[in-house]
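Engineer: Sequence:
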Amino acid sequence: MKQVKFNDYNLQEEILKSLDLLGYDYLTEVQQETIDKALEGKDIVCKSETGSGKTLAFAVPISNKIIWEESEPQALILTPTRELAMQISKEFFNVGRLKRLSVVEVYGKSPFYNQEMELKQKTHVVVGTPGRVIDHIERGTLEVSNIKYLVIDESDEMLNMGFLDQVETIINKMPKNKQTMLFSATMPEDVEKLCFRYLQKPEYIEIDSSDNVLDRIIEESYIVDKDLKLKLLNEILIVENPDRAVMFCNTREEVDSLFEFLDEKKYSVDKIHGGMEQIERTRAMNRYKKGDFRYLIATDVASRGIDVDDITHVINYDIPRESEIYVHRIGRTARVDKKGKAITLYSVYEDKYIKQIENDLNTRIQKKERPSKNEVERNYNSFIDKMNKNPKATKNIAKELNEDIFKIHISSGKKNKMRPGDIVGAICSIDGVSAEDIGIINIIDTASFVEILNNKGNKVLTALQKTPIKGKMRTVSKARA
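Quick note: the sequence shown uses my numbering, first residue 161, plus one each step.
Source of the hints: derived by calculation from the structure; they are not laboratory data.
You can take every hint at face value.
Each computed DSS-like pair below joins lysine-lysine, with the alpha-carbon atoms no more than 25 Å apart:
#: 1; residue 1: K515; residue 2: K499
#: 2; residue 1: K282; residue 2: K250
#: 3; residue 1: K616; residue 2: K259
#: 4; residue 1: K425; residue 2: K501
#: 5; residue 1: K498; residue 2: K528
#: 6; residue 1: K533; residue 2: K386
#: 7; residue 1: K197; residue 2: K162
Label-pair distances were calculated between CB atoms; the ranges are:
#: 8; residue 1: I439; residue 2: M633; range: 34 to 40 Å
#: 9; residue 1: P335; residue 2: E440; range: 37 to 43 Å
#: 10; residue 1: N167; residue 2: G201; range: 17 to 23 Å
#: 11; residue 1: E413; residue 2: D180; range: 42 to 48 Å
#: 12; residue 1: K549; residue 2: Q163; range: 32 to 38 Å
#: 13; residue 1: W228; residue 2: H569; range: 20 to 26 Å
#: 14; residue 1: N446; residue 2: V584; range: 30 to 36 Å
#: 15; residue 1: N550; residue 2: E413; range: 27 to 33 Å
#: 16; residue 1: P271; residue 2: G201; range: 31 to 37 Å
#: 17; residue 1: N550; residue 2: P335; range: 45 to 51 Å
#: 18; residue 1: Y364; residue 2: P271; range: 36 to 42 Å
For clarity, every value in this text was computed on a predicted model and none was experimentally measured.
Positions of the beta carbon are idealized from the N, C-alpha and C atoms, including for glycine.
All chains, full assembly: derive it from the sequences and hints.
Structural biologist: Okay, structure coming up:
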């Protein structure tokens, strides 16, 4: 594949600078195949594996095409889960930050009122789950009449979770004249029907199977009786000694049970599942990315949006019942051309699921024998040594971009009738500062937050101590991170 750089495209200067600061240089295959067509305004159907860089494939062209001056949402991104919505929102925020794009997340188990208040301000991109998006549309808090770009991400997972009807409801409330992009790791019949029904002469993109994620993953399986499952898992962990692993269970109860078992052994482990509060799940994911622990135990729904490049092992503690779920699970490893290992535990009664996966994916999963006592003993000390050290944190690609941005807190908000123009006017009155140095402005009931770009934050903060805003002196300070 020919190497192509982002600056080979006719992208806006702010987008190119953000991509450079984020460390994005060469395009992945899915980005090469998609971005040109997206910039041309074509509808797109893309079949691409997890971890291929597909989020940037739509975030870059959409961010480039959005008109900053318009206040109503221009892009709607639909995802099956909260975690994935948060991941995509962060990507849009980083790519569009220097262009001052406003991105709002809407999903369940998060206060509706807070989302409503955000949507009342200038909003360019909305990222959300279908149920909560419908709630906002029906209550009149999300205006979709100006939507120009619709992305349906992980469409096969939408189907598995029963969301396709909700997706159709949303589509039918939107303008017909819009660009639609649909992304999916697999392409079930119902997803194909959705494409046929709502997309206009779409470009079909399928990433070459020669770069299939399965080719980069060693797939192994162990037959085990249920009452010996925990013991076998422990032996596998000692012998394999993963740097970082995700373990999948089919139910929340099984996640809790497995977590309790490994936690009692003082292993470096945490969990996420749909029964946990969103703040707990977000905290666990952030800790995992930071490298605070090695093993993450998850259900399928909660795992959507796990964006960690250096996961070495995926362990199916419970075998998935569908091949599509298996693909999504093991796609958490071997991301971005790396290699990985997928291990599946199953009972003799679950053999049909292994055979189904092998047939559907045209793959062979190697059957392994239980590790010998000698193997376990030989590897135990190195396992404990590694367990006592924190794993390497996932690189924070947004750090350099964030360091160039200074966020200011102003002790006056909507209740004082503060408007973005009042803040911009005060800041632009400072010598040597212009509108190009002002980033995203967020005004809430009792306070306002404004991002200052181009390393002028301290200068603006100092000047605002003696500069009136909306005719009065305000308390101005550096906002907490």
